[in-house]
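Peer 1: Below, each chain spelled out in residue letters.
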Amino acid sequence: MSDLDLDALLSDEGKHVIACCGSGGVGKTTTAAALALRAAERHGRRTVVLTIDPAHRLAQSLGMEALDNTPRPVKGLEDGSLDAMMLDMKRTFDDVVASHTTKDRAAEIFANPFYQAVSSTFSGTQEYMAMEKLGQLQASGRWDLIVLDTPPSRSALDFLDAPARLARFLDGRIIRLLSASTPGSRRSMLSLMGASAAVFTRVFNKILGGHLLTDVAEFTASLEDTFGGFRKRAEATFRALQDDQTSFLVVATPEPAAINEAVYFSRRLTEERMPLDGMILNRLTPVRASLPAERALGAAAALEEDDPENPVAAALRTHADLARRRTAEQRVAARYGAACPNIPQVWLPTLGSEVVDLEGLRSFGATASGAANTR
Amino acid sequence: MSAAPPVPRLHIVTGKGGTGKTTVAAALALALAGPGRRVLLVEVEGRQGIAPLFDAPPLPYADRHLAAGLDGGEVFGQAVDADEALLDYLTMFYKLGSAGRVLRKFGAIDFATTIAPGLRDILLTGKLKEAVSRTEAGRMAYDAVVLDAPPTGRVVKFLNVTVESGRLAKTGPIGKHSRSVSRLLHSSLTAVHLVTTPAAMPVQETVDAHRDLLAADLPVGHVVLNKVTGTKAVGVTAEQLRDGLRRTGLPSDEALIADLLDEYESSRVEIEAVDSYRDRLETLGRPIDELALLPEGVDLSGLYQLAGALRTSLGQTRRAATEPEAGDRGE
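Note that the protein sequences, when read in sequence, are chains A and B. The opening residue of the first sequence carries number 1 in our numbering; numbering runs sequentially from there. The opening residue of the second sequence carries number 1001 in our numbering; numbering runs sequentially from there.
Keep in mind that the hints were calculated from the coordinates and are not lab data. In this text the structure is predicted, and so the values were computed from the model without any measurement. Any given hint could turn out to be false.
What the hints assert, rightly or not - Some, not all, of what chain A presents toward chain B, calculated at C-beta under 7 Å:
1. Gly141
2. Arg142
3. Arg288
4. Pro292
5. Glu294
6. Pro311
7. Ala315
8. Asp321
9. Leu322
10. Arg326
We treat Cβ as the ideally placed atom computed from N, Cα and C, and that holds for glycine.
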């Protein structure tokens, strides 16, 4: 296994998108923000970081409190330029609609109850809109590098699958079936699928209520006129991610579930021929003293024979606990290297305090880049 | 105070990603499976997170025996899937039979659960209700049902099926069914437990989720403070260390002493931080169960160890329910 050289990646003029992926709670947002800051300050790249759901204090320190869905400059940089933004998926969807149709038609779409549901709660919309926003940022040409944090999905794979699922759904045969069997449609009920469609409509009208199906049919009909196919757009974005200008980084913590997720995701990226450049392992237990846990425990037991409250024994037991935790974590993390031997990795110990400001991000970035080997 | 409120039979375990809610849900199921009791452990997000904890193959849609509980009970496992659940309902309510399979082939099932995200949650929580109220041979099939629920960010929406079902048909069997599910979820037969680790973000999310659950009138149970490290906080000096290391025949160079002091100091800071997070969580006024971080990670025997700790804690709070102000976590 080779070590992941983050500085080389961040300074690579050929890379224009870095996407940080992984399961929930592994530190994707922090990693994305720290890499973006380092790219801007150390490598002089005009950088923007697109985050999905940052913790409040981190958002504050990046100046992202204004939720206007556009990148804003981050203040307090030592050097270079960094912009940051938080994705507002509803507003992004609204913008897509507004920019592709007339004012009246847009107003009609916005008023549709199904559009309101889709744009705010639909599973997959967040992923789709993250892709859409990424496309917009790229097209603007304002930045050398876009660092992307991915949505907190059930599974990291959702980021790849959800947009296609949404597109398939909005563009697919079910919709056509539905349009064909909605009362008032010009299309014939005697189509090949007519009979099944009738069953479908009858059952779902009962379950979902008739208004919902009508809303959906109207909504997709308005979309077809103006968009020329959601599927095409999703496919184009997907292909763009296979480009060598993009770099995927998988983020994990040394826990079985997070490592398994990282392995599945890495395999999937490889199958899709997407450029996976490395794995970042966060939150290893930091161990300083080089003393085997067994010897520390033995000595602690000896000291406690005379004095059960011996403070030296307490310090030795603390060290033994840390060392055992670290050993167990390394054993779990090693699964990744075994499953994905060709992916460079970097292992990072937990920092002393939680990362909530630029200084914290800076030292996270420095550790990530400098600690090529912490094992 | 009159009679104690009924003991919850549906335990919903949620928490921020990475806090160990699946592990806690599994340990809770083992802890609740006392002598002669049967407990069902359910997951709904298709992650198959439960099976590996028990070294078991992936869980099926139907319930399956998973492990022996503490002291002779039985734990069963089940992975509930919305598509399967919808087919169940269609078969049950509309006698669809083979037409259901046709709908599935066209992707119609996927379609319905996709255009109405609320429907998905109704189907999933509906299966929970069915498991809680199922009878077999004249007795309850399960004494308790434990759900590894969606994370805190999504859990209120997931459980608040009445609101979501407002978007769907108000008449018809599924609408009616969703109202009975909602009654169960808002009753004292249900308890929503919040899992957190001693760190700023998970604790903040726990406080937020607690507020949102109360606002939605959902019954909050315990707060589980997971992965707690260390208990001792006595001071130690470099001289004491040097002397102790020498006496026990360990190396006693200055670098090692400095490193050990450094580690000990950091873990003391960590312990103090745990205290402040515990104080913050106590303001919620819920029983707090503490689970120690297992240095070697959670394997099957570690899971039983956590179950033992939870059972002790559950026993204490059950007494607390009948004896007002039963004091703090006395140990």
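Peer 1: Please flag the earlier hints that this structure goes against, numbers listed from lowest up.
Peer 2: Violated hints: 1, 2, 4, 5, 10; rest satisfied.
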